Each structure stands twice: as C-alpha cells, then as structure tokens.
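Novice: Fit chain Y to the given chain X structure using the hints.
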Amino acid sequence: MHTIYQAFKELSYQFPWIGIHLIRSQQWRAKVSRGTLEQNSCYFDSGAYVEVRSSDLKHVAYSCTSNLSKHGLYECAQRAYQRACLLQKWGLAPLSPSTRSNLKGQYETPTKKPVTPQHFFNELIPFLKETTNQMKQVPSVIEAVAQAFVTREERLYLNSNGCEIHQIFHLVGLNWNAVAQGNNDTQSRSFSGHSKAEFQGGLEHIDFPYLREQTKRISWQAKELIDAPPCPSGTMDILLDPHQMYIQIHESIGHPLELDRILGDERNYAGWSFVKLEDFGQLQYGSSLLNVVFDPHQPDALSAYAFDDGGMRAEKVFLIKNGLLLNPLGGAESQERSKLKGVANFRTANWNRAPIDRMANIDLLPGTSSFSEMLEAIEFGVYIETNRSWSIDDYRRNFQFSAEYGRVIRNGKLGEVVKNPGYRGQCQPFWHSLTHVGDSSTVARSNTYFCGKGEPSQIIRVSHAAPVCHFRNIEVFGG
Amino acid sequence: MAQVSIKDIQNFATQTAHQVLNAFPREYQVTLQFQGESQNYIRLNRNRIRQSTDVLQGYWSALVEQNQKTLEFHWSTSWDKEQDVHFVQSQILPQLSFLDQVDSQSKKSDSPHQGHVQSQVIESQKRPNIEDICAELEKLNVDCAGLLATGFQWASYFNSQDTCLWFAQDSHFFNYSFYTEDPLGKPRAIQNLYFNRDWNFDELSQQFADGKKQLAAYRKAARVLPKGNYRAYLSPTAMREVMTCLFFGPLSYNRYKKGDSFLHRLIDKKVTLSPKVSITHDLSKRLAPFFNSWGEIIPDQIPLIQNGELVQLLVGRKSAELYGVTSNHAPSDTDGTEYPVSLSLAPGKLEEKDILSQLNCGIWINDLHYLNVSQFDLARITGVTRFGAFWVENGQIQEPIEDFRFDVSLYDLWGDHLEDFTSRSYTFPHVDTYFARKFGEVTTPGALLKQFACVL
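Protein chains in written order, with this note's numbering: chain X, 1 to 479; chain Y, 480 to 935.
Just chain X, same shape as in the assembly (with noise of 0.2 Å):
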C-alpha cells in the first residue's frame, strides 16, 4: 500500500493527471457434493489500474497491471497517456476531470467477525457436508451440491484531484441445490442468493439452524416437483415472491435506468434501452404502486459501497416514485454526456477492466398488502418463486422468465404445487400491471455475483430487495 501512495506522488509530477485504483483480493471457494468435498480453491488477485489524462485533460485512457513496482506503474501510465492523447482526435466526447471525486474517505463492511480461513475450514465446509449429506437423504433426491465463498476485497483509490478512498468488503456466498430424478422427469430446487446466506459481513449474520432448515425444504420440494403436475397456461394473475422478483427488477428496470446503455455504449452487445433520456420526469414507467430506489447503503447487502470506483459518494436516490421514471443509473461520466442527474454507480469489476455504470443495490419499496390480502384478490392464478431462467431482447422490452417452484392459486388460497411455471410480457404494460405490493413482511433480499455487462466484459456484484408483488392478466406457460 505504501508502494502505491510513494508511486502516486511522483507519478503526478509526470502526468498531467493521474488516477491510480488498486484492487486486491483474497477470496476462499468450496463445493461439496453429498457429503463430500470436491474442489477446495484460494484466490489471490492483487492489481492496479492506471487512469491518465490526455495533456488538454479532456480524455482518459486506462491501462492495468499486476506489477505494481513504481516502476510498472510508470510503464502502465505512460501506454495509458499516449492512448489518451489519441482521443484528443477520436474521442467519443470530452471528460472533465470533475468526471471523478476529490473526497477522502474510508469505508469497511460492518462485521464483528470476519470469516476466517479457520472458520472456513472448521465451521462452513463441515456444515455444507453435513447439509448435503441431509438433503441427499431425501427419496428421489440424486445430487446434492453447496458452494461458499468468502472473500476480503481492499480497495484503494488515489487521483490529481486529492481523492482518496480506501475501501474493504468481506463477502460472504453459501448456496445449495437439490436434484430430485424420478416420474420420467428431473427437477431441482435452490437455495441461493438469499440475502441469510450470501451477503456482506461475518460470522455472526449467518444463522445455521436456519438454513439447516432451508436445506431440508429445497431437498423436500425437489421431490415433490418431479410428482407435481405442470404448471397451467394461459392468461392469469401472478404472485411474484421476492427471489423471483428480484430478476424481474434487475432484468425490466436495472438495466434499461443505466445511463451508459441509454447512451448507447452497450448496443453492440447488451444491447441499447426502450428507455430514452427525455423520459426522465415524464414516462410513467409503471402503476402507482410501484417504488424504486438505489441505495447503497444497505450495509449487508452484497453491492453496499460508501463511494463507487470514480470516487463519488454514494447516496439514496429514487428511481422510480409512485410509478414515475425519476432518475438513470448514471456515474459521473454519463452525467456530464447525458446533463442528467444520476447516481454514484461508476463501478469495475476489478483490476482489469475501466469503471462504467453498473447496478449496485437497486431495491423495490414495500406496499401496505399483505401477503393474504394478495391472495384473496387472486381468483385463479399461480404464485410463483425462485427463477432458474432468464432471458430479454436487447431494449429491455420482450422477456421471459421461468421459476423452479409454482403453487396454484384458487378463490384467494394456495393450491397444490405446480411445476416448470413461466411467464412472458412486455416490460411497461407488465409494471402497469402491478396491482398489489407486499408489506413489509414480506420483503427479503437477493444477491448476485454475476451481473454481466461491458466490452470488454464483466461480472459484477448487485442485489435487489423486493416484497411478494401481485400482477394482473399475465401469459403463463407450463411444462
């Protein structure tokens, strides 16, 4: 660290503006499969991009290296210069330097326990090799699989502007699934993502008895899939639980908000947005009943960050309010192209790859239903949870989206189980569709590490908090 602040001074002497972002990490992985552990992994990842100013200080360029002498860090910001100062001529528009912070500030993932490698090895893997050895007790069930990660993740983010943000994220990831084969057909059934088992923190968040809990219904309800009948199609109304929900916000709302998109950086390959920047302030996106928000600061959830990769700090902003489209999710950078407000989400992956603007926690406010008052307005529909399948065109309009567990509703009750349930629509008539949100009670939160985006590419953390939401008049389709 002290390597990176001495080769920051003398390198602002060089340039003629400079940013340095070091990113350095240790993540442990395990997988066990029925008992058995089967592939035990430790990462060590430590490296630094380099930003450099084009001499009218207009343009950046990026270059990114493990070598984090001076001396590398030098070779990195001179390639990096000469290709900034190429878009002095070629440059996509210009970038002030006000693009990035000038803040000081510091940051670390509320914990009391961090996971250790000793808790590693002596509290997580022997509890996913007792779970797996329960679930696969369970008639039918063939597989049996649970997954941990844990990571400590320091970041260090210096710039000529006097920016100087040190951050530290520990991350914790458990998840499980259950394969059940038998009546001609295989299902499965997941615990994952789920905000009691993949989250930031330590130790003390992760409630074992819990999730020993959560292990055996996952295991149960596999089975009772490849018995279930498949899901009913057919035009009807949807309850969406939260670990659906949570793709549905990601996929129809995430996405088309950010800015960089809607100014068409990704059209090549994520694809461009429905969206466009005269929409903000003025489309109604959705019913009334619909709230959304980024806010970073929900400190457990897996995209919480005091300041995002730009340095920026990272605050509360709607999204969406009483149905109405608000604000993109838009750095600093998109800001300025744009001259829209935004929010602080100028994230990157890692070392290897420059910030653009990504999703970070992106939650759906609780209504004031609750979950039997949603299910008595439901004359025959299906609820529907955990999504397994996902897939949308490239303006974010046309998606569709499969669930690994579904339950009949008739006349306002629960039914029997149903399986493979899937629903199509077009994202602006499905929002304006809301018909109920749930209550508080109802709301829990999902996580991700792999959010795709970006050429070249990457993968990025996100999360998404949502309550049980009831749509009206949805295509549904089964087996």
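Take every hint as true, because none was put in to throw you off.
Simulated restraints on C-beta separations:
#	chain 1	residue 1	chain 2	residue 2	range
1	X	Lys-113	Y	Leu-672	45 to 55 Å
2	Y	Gly-803	X	Pro-126	25 to 35 Å
3	X	Glu-379	Y	Lys-832	48 to 58 Å
Below, in silico cross-link-like pairs of lysine to any residue (SDA-like), each with a Cα-Cα straight-line distance of 25 Å or less:
#	chain 1	residue 1	chain 2	residue 2
4	X	Lys-341	X	Gln-284
5	X	Lys-339	X	Leu-95
6	X	Lys-216	Y	Asp-582
7	Y	Lys-736	X	Arg-29
8	Y	Lys-560	X	His-71
9	Y	Lys-665	X	Gln-426
10	Y	Lys-618	X	Leu-86
11	X	Lys-339	Y	Pro-666
12	X	Lys-89	Y	Asp-622
13	Y	Lys-691	Y	Lys-832
14	Y	Lys-618	X	Pro-94
15	Y	Lys-736	X	Gln-39
16	X	Lys-112	X	Gln-26
17	Y	Lys-736	X	Thr-36
18	X	Lys-276	Y	Pro-662
19	X	Lys-70	Y	Gln-570
Just some of the chain Y residues that point at chain X, by a computed CB distance under 8 Å:
#	residue
20	Leu-550
21	Gln-574
22	Val-581
23	Gly-815
24	Val-863
25	Asp-911
In case anyone wonders, no lab produced these hints; they're calculated from the structure. Treat the numbers as computed from the prediction; the structure is a model and nothing was measured. Note that CB positions come from ideal geometry on N, CA and C, so glycine has one too.
Specialist: Below, chain Y alone, put in the same frame as chain X:
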C-alpha cells in the same frame, strides 16, 4: 513490463515455473498452470472511441497434493520471478496446513506426459490500427458501435517431472454493429465480426462497405409477426447462438451424472435428433490450447453426436475416476465439470444460392440474442431475434420483421423441424471477454426449418 511479446512471456513463465515448483517442499506433488493475456481493448460508440484499456494479466494456478488430498491456489503474477517465488513461500505455503482438513480423493496430479515438452505459438505479423478504423467509419458516415480487441493470449502447464506445455496465439477481432433508422424512426442494426491473425485492413473496409449496403434492407417499415409457427431460415450467425447453448454444460459427463444436463433424454437414448445432425469437439482450427488442465493432450476431434445420435459425452479425468468410464481427455475443471471450447456442426446439402427459394414463404433470421434454457427436461430454449429478421414470400425478401421471442425444444429444432443445413459452414471465434478473451470457436452452417415458433 513494457509492451511485451509472446516470447517474453514464455521465457518469464518457464523460468518462474521451475522456481515456483521448487519452492514447494518435496512431500507435495504440484502441477502448475500459467495463463493470461496481453490485450488492447478499444470500445467504440458512434464511430469514436468511448474507452481505451490495455491489460496485461497473468495468473498462476497450482494444484497441490499430499496423501491424495488436494488444494488449489490461484494468484496474480507480479511479473517478477523473485517476488512470485517469495509470494509462494510467504502466502501459499502457510495455507498448506489446511490440507489436513480436506477429504482424501483419488490421485489427480500425475501427468500422463511426464517430461513432455510441446509448444504451439501462433504469432501475428500485422496488427490493427484504430485510427485507420475510425477514419474509415467517418468516411463511410455510418453509426458504428463495437469492440476492437488486439493482442495475444496464452495457456501453459508445468509439473515437477519437467513437463512443459505451451500454447499462445496472437489474434485480433473487431466485433461491431452499424445502426440506422427505419421509415418510422426506429433504430435498426446489422452486426459483423472481423477476425484475423494477420490484420487485413482492405478486407475489413470491404466488410464495412458491404455492411452499409445491408442497412438498405431497413428502408421499409417492419411488420409485426403474429404468434404462431413459421418456416424459417437461421443464418450461420443465428445458429452460432443456438450452438452456444451447448457451452452451458449439457455435454459434460460429470454434469449428466449429477442430473444437470438438459440433453439427458438424448443421452439416455429416449430421443434422437435428425440424422443430419453431427456435432464434434474440434480443435483442428488451432484456436484453443491442445492440452487440458490435467496436462493431457486433447484429441483434435471428439465426435459427440453423429447422425442424430449421441455417441459420447465429454469425459475428463475426474469423471473417469469417479464413474469408471474412459476419459476422452476433454477439457475439464478441477471439480470434474467438462466443458467444450471448440464445437463444429457438420454442414448439410442446401446450397446458399437456393436458401430463399427453398424457404419460399417464411422468416429469414440473421441473429438471435440472450438464449437460455426455458424448460430443462424438454431441452426448450428461448431467446429473441436481433440484428435483422425479414419476411420472405415467393422466395423474395419483402420487409423487416419486428424482433420476436421464440421458445422451442432443441429436440424439435434439430429433429422433425429441421429441413436441412446449408452446404457451407462458417467459423466464429469466441469474442467473449469476461475476465479475459476466450479461446475456441463455433463452426456452423445455416439451418432451414419447417417450423419455428414465435411466442411473443
């Protein structure tokens, strides 16, 4: 390091690997891999550079074994031999005490090629120049978004029995889209990929010119296709996306045994595909390493599906040990999951000049997007059309079609619904860049289908 060459990397890797292996006490058996890339990534939007990033990244992976217990370690190189060795001594060796807490498994780290030294290096003579590309796009007056990736990738394997396997390739691609507006002001686009080991700017310029002409197809407003089944032609680019589903894991023996192959009905001989379907894991194009992570030489060709029937799955070393089957030395992860890197679908008999007349009335589909398995047990795939779908009548293209969603079982798409494949195949090197550029490619013809379901 300054701008480095493949030779620089190879020298560094070989010298450092030897010392890293020696840093482990003799009671441990260790195999070592070193892979990475030196790349320049330039991202374009509206014909100009949005972001320019160069990356030099190299990662060591060590599989350490003692008493049939193994631990894996992965770490980023410092690009300094002494520092890398010091890192192993100070950071990795103290972690070996955790080996006691690992389950005993069958022996893994012996290389079947002790003392084997083999190297395959494909170098480039001509590299792209981004200024030429931007100038040409400006001259053409098109709206282009895309990614230029230029540089080399490498993979290697070492063990303490002096085995050294080395693969490196220098290659470049420009994956790009041209955008225009239709008469209703809606954005429409075509996409192209230019890939070469030796950059040929004249070829790229010609592709640009052809691409601009293709945009003329959007001069008519698009029609909305009602839901239903249609005759269809999937271009080789669209077929590449269908083939990509086979990279999700269904051809892995390990995943099949764990109930995680969506092609299990094909594997169990409960269904067959059209006899026109033959798929091979095919390394003959030399776009991927010739060895796997166990240091085994991967056969150039591993037939997987022949004449509509599965003949074998990808079987790696761990599956062979766990399930008592014969390994075909397929690429596999250390948890045993096999994965393809290069797949080839055999061509058919349909001449390209006859596609439109044979399609007669139906949909011409240029590309597909965001495919995913929608129903595991039936191998159903969903996705949407992208970069141009066109309505065809009397063997003539009539007008564009609004993008639509399809949902179809691979057993139908490559079964009763398949009329023929085209007689010419195209090779698409992978352009994935998650973590690093990917090795490998897909080779596929186009496909004429008796029916294709539009569901939304």
